[in-house]
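Number of protein chains: 2
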Amino acid sequence: MAANGNAADPEGTNFFNAGALAGLDASKVTITKAKTLKPIPAVEDLGMGNTMTDHMMVATFHPARGWSAPEIKPYGPLELDPASSCFQYCPNVFEGMKAYLDPEGHPRLFRPDLNMARMRQSAERVALPPFDPAELLTLIKRLVTLEQRWIPTTPGCALYIRPTLIGTRPALGVSASDHALLYVILSPMGPYFPTGPRAISLLGVRAPARGTGAWKLGLNYAPGFQAQRAAAGRGYQQVLWLEKAGAGLGGMKVTEAGAMNFFVVVRRDDGGVDVVTPPLDGTVLPGVTRASCLALLRAPAPFAPGLPKLHAHERALSVADLVRYAEAGRLLEAFGVGTAVVVVPVGRIGYEEEGAGEGEGGRKVSDIVLPEGVGVARALWEALVEIQEGRREWEGWSVRCA
Amino acid sequence: MAANGNAADPEGTNFFNAGALAGLDASKVTITKAKTLKPIPAVEDLGMGNTMTDHMMVATFHPARGWSAPEIKPYGPLELDPASSCFQYCPNVFEGMKAYLDPEGHPRLFRPDLNMARMRQSAERVALPPFDPAELLTLIKRLVTLEQRWIPTTPGCALYIRPTLIGTRPALGVSASDHALLYVILSPMGPYFPTGPRAISLLGVRAPARGTGAWKLGLNYAPGFQAQRAAAGRGYQQVLWLEKAGAGLGGMKVTEAGAMNFFVVVRRDDGGVDVVTPPLDGTVLPGVTRASCLALLRAPAPFAPGLPKLHAHERALSVADLVRYAEAGRLLEAFGVGTAVVVVPVGRIGYEEEGAGEGEGGRKVSDIVLPEGVGVARALWEALVEIQEGRREWEGWSVRCA
Numbered sequence: 001m002a003a004n005g006n007a008a009d010p011e012g013t014n015f016f017n018a019g020a021l022a023g024l025d026a027s028k029v030t031i032t033k034a035k036t037l038k039p040i041p042a043v044e045d046l047g048m049g050n051t052m053t054d055h056m057m058v059a060t061f062h063p064a065r066g067w068s069a070p071e072i073k074p075y076g077p078l079e080l081d082p083a084s085s086c087f088q089y090c091p092n093v094f095e096g097m098k099a100y101l102d103p104e105g106h107p108r109l110f111r112p113d114l115n116m117a118r119m120r121q122s123a124e125r126v127a128l129p130p131f132d133p134a135e136l137l138t139l140i141k142r143l144v145t146l147e148q149r150w151i152p153t154t155p156g157c158a159l160y161i162r163p164t165l166i167g168t169r170p171a172l173g174v175s176a177s178d179h180a181l182l183y184v185i186l187s188p189m190g191p192y193f194p195t196g197p198r199a200i201s202l203l204g205v206r207a208p209a210r211g212t213g214a215w216k217l218g219l220n221y222a223p224g225f226q227a228q229r230a231a232a233g234r235g236y237q238q239v240l241w242l243e244k245a246g247a248g249l250g251g252m253k254v255t256e257a258g259a260m261n262f263f264v265v266v267r268r269d270d271g272g273v274d275v276v277t278p279p280l281d282g283t284v285l286p287g288v289t290r291a292s293c294l295a296l297l298r299a300p301a302p303f304a305p306g307l308p309k310l311h312a313h314e315r316a317l318s319v320a321d322l323v324r325y326a327e328a329g330r331l332l333e334a335f336g337v338g339t340a341v342v343v344v345p346v347g348r349i350g351y352e353e354e355g356a357g358e359g360e361g362g363r364k365v366s367d368i369v370l371p372e373g374v375g376v377a378r379a380l381w382e383a384l385v386e387i388q389e390g391r392r393e394w395e396g397w398s399v400r401c402a
Numbered sequence: 001m002a003a004n005g006n007a008a009d010p011e012g013t014n015f016f017n018a019g020a021l022a023g024l025d026a027s028k029v030t031i032t033k034a035k036t037l038k039p040i041p042a043v044e045d046l047g048m049g050n051t052m053t054d055h056m057m058v059a060t061f062h063p064a065r066g067w068s069a070p071e072i073k074p075y076g077p078l079e080l081d082p083a084s085s086c087f088q089y090c091p092n093v094f095e096g097m098k099a100y101l102d103p104e105g106h107p108r109l110f111r112p113d114l115n116m117a118r119m120r121q122s123a124e125r126v127a128l129p130p131f132d133p134a135e136l137l138t139l140i141k142r143l144v145t146l147e148q149r150w151i152p153t154t155p156g157c158a159l160y161i162r163p164t165l166i167g168t169r170p171a172l173g174v175s176a177s178d179h180a181l182l183y184v185i186l187s188p189m190g191p192y193f194p195t196g197p198r199a200i201s202l203l204g205v206r207a208p209a210r211g212t213g214a215w216k217l218g219l220n221y222a223p224g225f226q227a228q229r230a231a232a233g234r235g236y237q238q239v240l241w242l243e244k245a246g247a248g249l250g251g252m253k254v255t256e257a258g259a260m261n262f263f264v265v266v267r268r269d270d271g272g273v274d275v276v277t278p279p280l281d282g283t284v285l286p287g288v289t290r291a292s293c294l295a296l297l298r299a300p301a302p303f304a305p306g307l308p309k310l311h312a313h314e315r316a317l318s319v320a321d322l323v324r325y326a327e328a329g330r331l332l333e334a335f336g337v338g339t340a341v342v343v344v345p346v347g348r349i350g351y352e353e354e355g356a357g358e359g360e361g362g363r364k365v366s367d368i369v370l371p372e373g374v375g376v377a378r379a380l381w382e383a384l385v386e387i388q389e390g391r392r393e394w395e396g397w398s399v400r401c402a
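Chains A and Y, in that order, give the protein sequences. For what it's worth, full-length UniProt numbering labels the leading residue of the first sequence as 1, then goes sequentially. For what it's worth, full-length UniProt numbering labels the leading residue of the second sequence as 1, then goes sequentially.
By construction, these hints were calculated from the structure, which means they are not laboratory data. Each residue gets a CB set at the ideal place from its N, CA and C atoms; glycine is no exception. Incorrect hints may appear among the rest.
Looking from chain Y toward chain A, a few residues come up when the C-beta cut is under 8 angstroms (computed) [said to hold, decoys possible]:
id, residue
1, Leu80
2, Leu114
3, Tyr160
4, Val174
5, Ala176
Given only the sequences and the hints, what does the whole structure look like? Please build it.
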């Protein structure tokens with residue numbers, strides 16, 4: 001499908017208009033197997049992304065030749081010129097996906113087309129060379145199938161997949177990278193948070209301005225590390241990113257929780273239950289798990305038994321809203337969602353009374369303590385894991401690798 | 001001075017509070033010389049940052065051991081784990097400096113303490129390990145002295161210095177990098193723009209939101225590449241970054257020009273001349289060349305003969321201001337400043353009439369064409385180059401390497 005690298009890519013003509021550049025072509029892959037395989041650690045020792053599997057996939061883009069033949073080869077260091085754009089100007093994008101084993105032992109991916117499409121858009125956003133998403137998906141399936149023994153079988157654990165595309169132009173002039181390196185690495189994951197399935201605590205802090213928050217770019221993450229560390233120092237496991245859109249707590253809009261999308265469950269006056277997440281207004285990442293939760297919540301037939309009638313909404317949420325709901329006893333649950341965690345309940349949310357600080361100023365922090373909830377987070381987690389592991393069919397979301 | 005790595009760094013206690021971690025220590029440097037030296041290209045073939053010298057400086061930070069003994073060694077690729085933070089979450093910072101030869105043949109740096117202090121702050125902003133700036137400066141002087149033959153002697157050319165600090169934590173969990181790699185590479189520079197000293201053209205485009213614009217972080221650059229490429233496609237050499245702070249052209253605030261700070265020269269009603277640059281409001285980089293131009297312009301005695309009386313201002317500039325000044329015949333000059341270009345005149349500024357677009361929508365673009373000017377840009381360029389090359393003493397700004 002190399003020729004389709006062009007056809008599918010009208011905006012990529014800067015790269016491909018010569019017509020002579022090779023598109024990414026999974027059929028050209030060469031596979032070199034590792035001579036010795038690593039022992040697989042026990043699932044409780046895995047943590048998040050500390051252990052890598054035996055192999056990785058690599059392909060390079062050169063401005064005069066296009067995409068190289070992809071290679072699946074033993075996991076090992078990348079060798080890069082110190083002047084490469086990835087170190088200097090950070091045109092780096094990634095995706096987060098997971099592989100699961102279905103009851104018949106076949107490896108599966110969850111809605112991988114959404115990740116591929118988003119990665120293609122992210123690359124365009126930082127002016128990296130385009131690639132055919134279908135070819136990358138074929139390569140990921142090959143790699144996952146080769147690494148099948150690494151897929152954890154403990155429920156809720158999975159093999160995390162990290163496709164990455166970085167700019168490798170070896171020159172210091174400030175301009176788009178016309179060289180690139182595409183690679184995919186795999187990491188078996190234990191539970192995301194050390195506290196396991198227990199509820200986590202969040203500290204509300206002012207988000208770094210994220211004009212690129214709607215794209216999955218590496219550069220969105222580093223500006224948050226300082227606040228994340230400060231939140232940990234104050235006893236919170238993650239940050240709740242707030243955007244200042246006006247005065248007071250009413251002007252502090254909730255965007256995301258750490259690297260997760262954020263939901264709350266609120267009892268209505270009429271006895272119904274609202275499930276609310278902030279809208280995709282340009283600062284919020286269009287998460288695959290977020291979209292999947294909304295789709296489940298909006299399905300005509302209830303996705304799980306025993307829940308109250310749920311009404312899903314994408315609408316702005318302020319800290320003042322959370323405080324008001326909590327004080328009225330209407331805030332039933334809060335939870336974060338993402339590929340890594342799937343769904344994780346939130347037990348406590350700290351916020352600064354004045355709503356203007358960075359969470360570091362030593363100002364008085366008040367806590368919203370959340371109740372046990374009505375089981376929305378748990379039901380979403382169970383449904384998603386069942387679908388992901390191929391134990392339940394839902395609109396073709398789970399895709400076999402081989 | 002290894003022990004001072006701690007003392008100078010109260011906020012770095014996350015890293016150093018154990019007291020057992022080694023600080024960056026220039027006295028421990030080991031030097032391995034290249035077996036064969038590269039030929040030095042003619043200055044007109046150099047371009048900007050395409051050619052690297054024979055050696056580089058490298059030191060690594062490990063969370064359990066602190067800073068390694070620095071190495072000066074042959075220039076070559078970095079070997080990094082594919083899971084490293086620098087590729088994934090982009091906690092990467094850099095500096096731009098230059099080395100010059102003075103009339104006695106001694107290599108010199110220009111106000112290097114400002115770059116070292118800014119780099120230390122940039123590292124803190126993305127939660128990278130701290131280092132003693134004085135130790136890094138000593139290492140840079142050693143490296144430049146070793147590479148002295150690479151310093152171009154053509155006036156206005158110099159040896160560009162790129163200190164870089166990247167996060168190298170080899171794990172995918174989203175958190176601050178507790179491993180780091182510090183390196184310095186050198187590149188002899190010809191004229192920055194292919195058009196040489198001639199005036200450049202700028203297209204005004206909406207800047208990506210830069211909550212971190214006041215720090216010199218690699219991640220500030222990639223979001224601008226798309227617009228930069230679009231501007232080139234429309235016949236402009238660089239972009240003039242505009243921030244939307246209100247309606248119409250009056251709400252489009254000028255921030256920077258490409259990777260340069262931006263100045264205009266405006267005739268006043270009383271016959272005097274204003275030199276105006278946007279203030280450091282959090283979106284504008286505190287450039288060393290910017291600060292040096294302001295200091296020269298504000299010096300009690302004129303820094304150059306033959307100029308009209310100049311009044312320097314740091315104040316907001318909108319596109320509407322530029323249009324109004326130009327229509328009244330009061331816009332005398334515009335220029336960009338930065339370490340790489342020193343000072344470069346602007347000959348033409350394109351802007352979209354409605355002031356709301358990204359410079360890509362195909363809307364009608366109007367041009368402000370600038371006159372020859374009254375020589376402010378040229379005088380600043382000459383004074384800075386004289387000071388940088390050690391031909392003129394000015395407040396100790398030029399520092400000998402050896």
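Each hint tested on the structure:
no., hint, result
1, Leu80, "holds (6 angstroms)"
2, Leu114, "violated (20 angstroms)"
3, Tyr160, "holds (7 angstroms)"
4, Val174, "holds (5 angstroms)"
5, Ala176, "holds (4 angstroms)"
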